[in-house]
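Undergrad: Chain residues, written in single-letter form:
There are 4 protein chains.
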Amino acid sequence: MKDKRKIQIGVIGDSQIRSNYQYEIAYESGREIALAGAILICGGRTGVMEAACKGVYDEGGISVGILPHDLSDPGVNDFLTIRIPTLLNWARNAIIPLASDGIIACGGNVGTLSELSFASLYRKPLVCITSISGWSKEIGKRGSLDYQKQSQIMTAETGKEAVQKILKAVSFSK
Amino acid sequence: MKDKRKIQIGVIGDSQIRSNYQYEIAYESGREIALAGAILICGGRTGVMEAACKGVYDEGGISVGILPHDLSDPGVNDFLTIRIPTLLNWARNAIIPLASDGIIACGGNVGTLSELSFASLYRKPLVCITSISGWSKEIGKRGSLDYQKQSQIMTAETGKEAVQKILKAVSFSK
Amino acid sequence: MKDKRKIQIGVIGDSQIRSNYQYEIAYESGREIALAGAILICGGRTGVMEAACKGVYDEGGISVGILPHDLSDPGVNDFLTIRIPTLLNWARNAIIPLASDGIIACGGNVGTLSELSFASLYRKPLVCITSISGWSKEIGKRGSLDYQKQSQIMTAETGKEAVQKILKAVSFSK
Amino acid sequence: MKDKRKIQIGVIGDSQIRSNYQYEIAYESGREIALAGAILICGGRTGVMEAACKGVYDEGGISVGILPHDLSDPGVNDFLTIRIPTLLNWARNAIIPLASDGIIACGGNVGTLSELSFASLYRKPLVCITSISGWSKEIGKRGSLDYQKQSQIMTAETGKEAVQKILKAVSFSK
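Protein chains in written order, with numbering that gives the first Met the number 0: chain H, 0 to 173; chain L, 0 to 173; chain R, 0 to 173; chain F, 0 to 173.
If we strip away everything but chain H, and leave its shape as in the complex, we get (with noise of 0.2 Å):
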């Protein structure tokens, strides 16, 4: 039965959306995960993890959302299926890229910054954004997180090409 769960793909990025762009990219990669019968993992807040999410729900799909704080937070989005609530503040952000068979960064400020570290400790399949400003754009460029190169690091320019390319690495690896 192992063999048959669901692909979990976590998408992370700005809580404050930069630009329409941005919030199409996380929208589609919500969307494409849903249609690939994938569960979206996220921050489950606002920005990017709203889009996506709302992305999931307009396919019907599931979406969980690593909550740092607990449900009374204004920030959670509306859009989430299931809601973990951490209380763990700024530390939950080691627990979604561990969560996520590969990760999608779209855009991102420092918090994505420490995401995309710790997606790279776990040495998870990782799809940078590189269409937009933001993390996702310098460390897609960059290659690599970590000096022996270790990490799989690819880019992509829409949501539909991340989702794709994290499917398939994702079998890769099985």
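Pairs involving identical chains hold if they fit within one copy or between any two copies, as the list cannot separate such chains.
Mimicking BS3-like on lysine-lysine, the simulated pairs with C-alpha atoms at most 27 Å apart in a straight line are:
1) LYS53 <-> LYS167
2) LYS148 <-> LYS136
3) LYS5 <-> LYS53
4) LYS159 <-> LYS136
Hints were generated in silico from the structure; no laboratory data involved.
Because the structure is a prediction, the values reported are computed rather than measured.
Put chains L, R and F on the given structure of chain H with help from the hints.
TA: Coordinates of chains L, R and F only, in the frame set by chain H:
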């Protein structure tokens, strides 16, 4: 939309089943959770956790396991829908009751006692099964965990009764 | 050099003092820890934690507070030598007994019960003060927390007796 | 009394030393921290952490290691004064910068990058050593980690210069 989210019910107890009767109560709890359209939250491993997940699985419901280690942990049960590895070791016991709108304790050794303590600290509705041995029986009979008696402790003899009491308590607390 | 490190002793209990007698026992525990050249580990806040830190402070010893929030928390006591803010909220209760070679429980409400549970899970030497009310008295009289009775539970009436028993247990377990 | 507490300075970097020069800078940072009467906070293991602890040890100062595993971890260095095992695995990287009033980064691979990210999220004074390779050099040259440039990033060539800059920044921020 927030009010439409599904109720999340935690089931906690021994990681090694002590009796067929304990297995049946945990299995029935999972089954009733799925039948009520709620989501099971648990530790994702063996014993009571596995029995509850099997109950959910047989009804086509959704179970979430908050795991202490990573996905290579051989103790992860086969019936989980969603796996949230944390690498937090025992500290993950603080998250399971927090991520539950209400908790059912089914027997349980000292790990369960830590979860019961957190359930009380978070003032979550809690049903202790008193028809089997373990901490759920002791605490159910004691009637409270905190000296100010600020947390609700209910008791039940069966899984069905336990789920009904949680559903009622959660709807009142909304 | 490893064998020369100082022994670290945890003191846990109510965050609000219930009686002068409880304050005295916690204060005496801290004082005796410092006089033995050991280091106090605690939650770093008020009540029993503050009394123990004051005892260490008055003897010029070292106390470490594993704090649930950050340094802006007004509940941090003034007598701590070293402050370890964690932002882990209640989950920091999993760390206090882990960072202690042995633990003294002095009264205590449900937060203390969670720490007692972790102390047992980690199989740490544990002394429960039975001369005051609270979980330390209940668990001390019960004699164990786990059903296999794998964790040591000792009892004491005074802070001095408690520290002596911990020191003896830790030297045996080395 | 609160104002009299000792300053706590974090030193982060590679767990495997890359050059004698890196060892010397980390050692010198530890030595200068102890000479200033401050306390060293670090990850408690090998490489830069061990070099900094040795520097503190040789001056009779106090070092605190926030450890990822428990005390049986063979990677714990021999020069630590106080050991805080957490069993939180990589998530302990969120605590090291939080428990530091200011942080010195000395080289560093992707684990260090996660700590740099948290230092920025907590807006802690941060000195990046630019005279050796690794993330401290890259981030020092970049000048910021967050896109709003809300966190202070200073640079230094030596351990002594780094400690002086942290002491100055911490006294200003008091």
